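Chain by chain, the residues:
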Amino acid sequence: DAGVTQSPTHLIKTRGQQVTLRCSPKSGHDTVSWYQQALGQGPQFIFQYYEEEERQRGNFPDRFSGHQFPNYSSELNVNALLLGDSALYLCASSRASGGANEQYFGPGTRLTVT
Amino acid sequence: GEDVEQSLFLSVREGDSSVINCTYTDSSSTYLYWYKQEPGAGLQLLTYIFSNMDMKQDQRLTVLLNKKDKHLSLRIADTQTGDSAIYFCAEKMGSNYQLIWGAGTKLIIKP
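Taken in order, these protein sequences are the chains called A and U.
Per our numbering: the first sequence = residues 72 to 185.
Per our numbering: the second sequence = residues 22 to 132.
Since the hints were made in silico from the structure, they are not lab data.
Any given hint could turn out to be false.
Stated by the list, open to error - Simulated crosslink set (SDA-like; lysine to any residue; CA at most 25 Å straight-line):
hint	chain 1	residue 1	chain 2	residue 2
1	U	91	U	62
2	U	57	A	183
3	U	77	A	183
Unchecked claim - Label pairs and their in silico Cβ distance ranges:
hint	chain 1	residue 1	chain 2	residue 2	range
4	U	32	A	126	34 to 44 Å
5	U	77	A	134	35 to 45 Å
6	A	185	U	72	36 to 46 Å
Unchecked claim - Take a look, some chain U residues computed to stay more than 12 Å from chain A by CB distance:
hint	residue
7	25
8	113
9	121
All figures in this text were calculated on a predicted structure; none of them were measured in a lab.
We put the beta carbon where it would ideally sit given N, CA and C, even for glycine.
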């Protein structure tokens, strides 16, 4: 049973560019959340997708957008990259029917903006 | 407001028990979680506790919740070198979908 997978593992981009990160949820999960983790800090919630809709959003600008596909996989897009966007981007999947909201994480994508 | 706080470091001897503490501010927390993050890796869900429980035990892990003081702890019995990692406390509030996270506690094991 595959867990949560993310691609790519690492990415280097230049300021002003755009980036797309991808996530496949754990088998049986229908909900995907995205988090940004800066070095030495806990994750910060970006948004959550369920039934192909953004269900909740954290305090991130509109440069951060996402999408969920019918197979529950998801993409995170970041436009007009800033140096401060350099971080580990984590995808977590869960089941909407699970009351405990147990979120299972992928290994992350390390984004470096130069 | 939402805030989860943890000590940044904890150092214990191999074989001893480790106790990692966490405080939170929002009384509407419904679930509280402990995650483990090893270097260069994602987050591994260790255990969680529902807010109407005081204690939960799972093999070497014991979670204690003091809802009055808004204090959560994770005890790891017989700490091993493989327990070296950063441990994060997180909370889910009410019907909110997001998790609010602490900054993590780095557990250092001394031989």
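Outcome of the hint check:
1. Restraint check: the Cα-Cα separation between residue 91 of chain U and residue 62 of chain U comes to about 29 Å, which exceeds 25 Å; the hinted pair is violated.
2. Straight-line distance between C-alpha atoms of residue 57 of chain U and residue 183 of chain A comes to about 24 Å, which keeps the hinted pair within the 25 Å bound.
3. Of the pairs offered as hints, the one joining residue 77 of chain U and residue 183 of chain A is violated, with about 40 Å between alpha carbons and a cut-off of 25 Å exceeded.
4. Under the hint 34 to 44 Å, the C-beta atoms of residue 32 of chain U and residue 126 of chain A, about 41 Å apart, fit the expected range.
5. For residue 77 of chain U paired with residue 134 of chain A, a C-beta distance near 40 Å keeps the hint of 35 to 45 Å intact.
6. At about 44 Å, the beta-carbon gap between residue 185 of chain A and residue 72 of chain U stays in the expected band of 36 to 46 Å.
7. Some Cβ of chain A comes within 12 Å of the Cβ of residue 25 of chain U; the nearest lies about 8 Å off, and the non-interface call is violated.
8. Consistency note on residue 113 of chain U: stated as away from chain A, yet its beta-carbon is not over 12 Å from all of that chain's, at 5 Å minimum.
9. Against chain A, the non-interface label of residue 121 of chain U is violated: not every CB pair exceeds 12 Å, the least being about 8 Å.
Checked against the numbered hints listed earlier, the structure breaks hints 1, 3, 7, 8 and 9; every other hint is satisfied.
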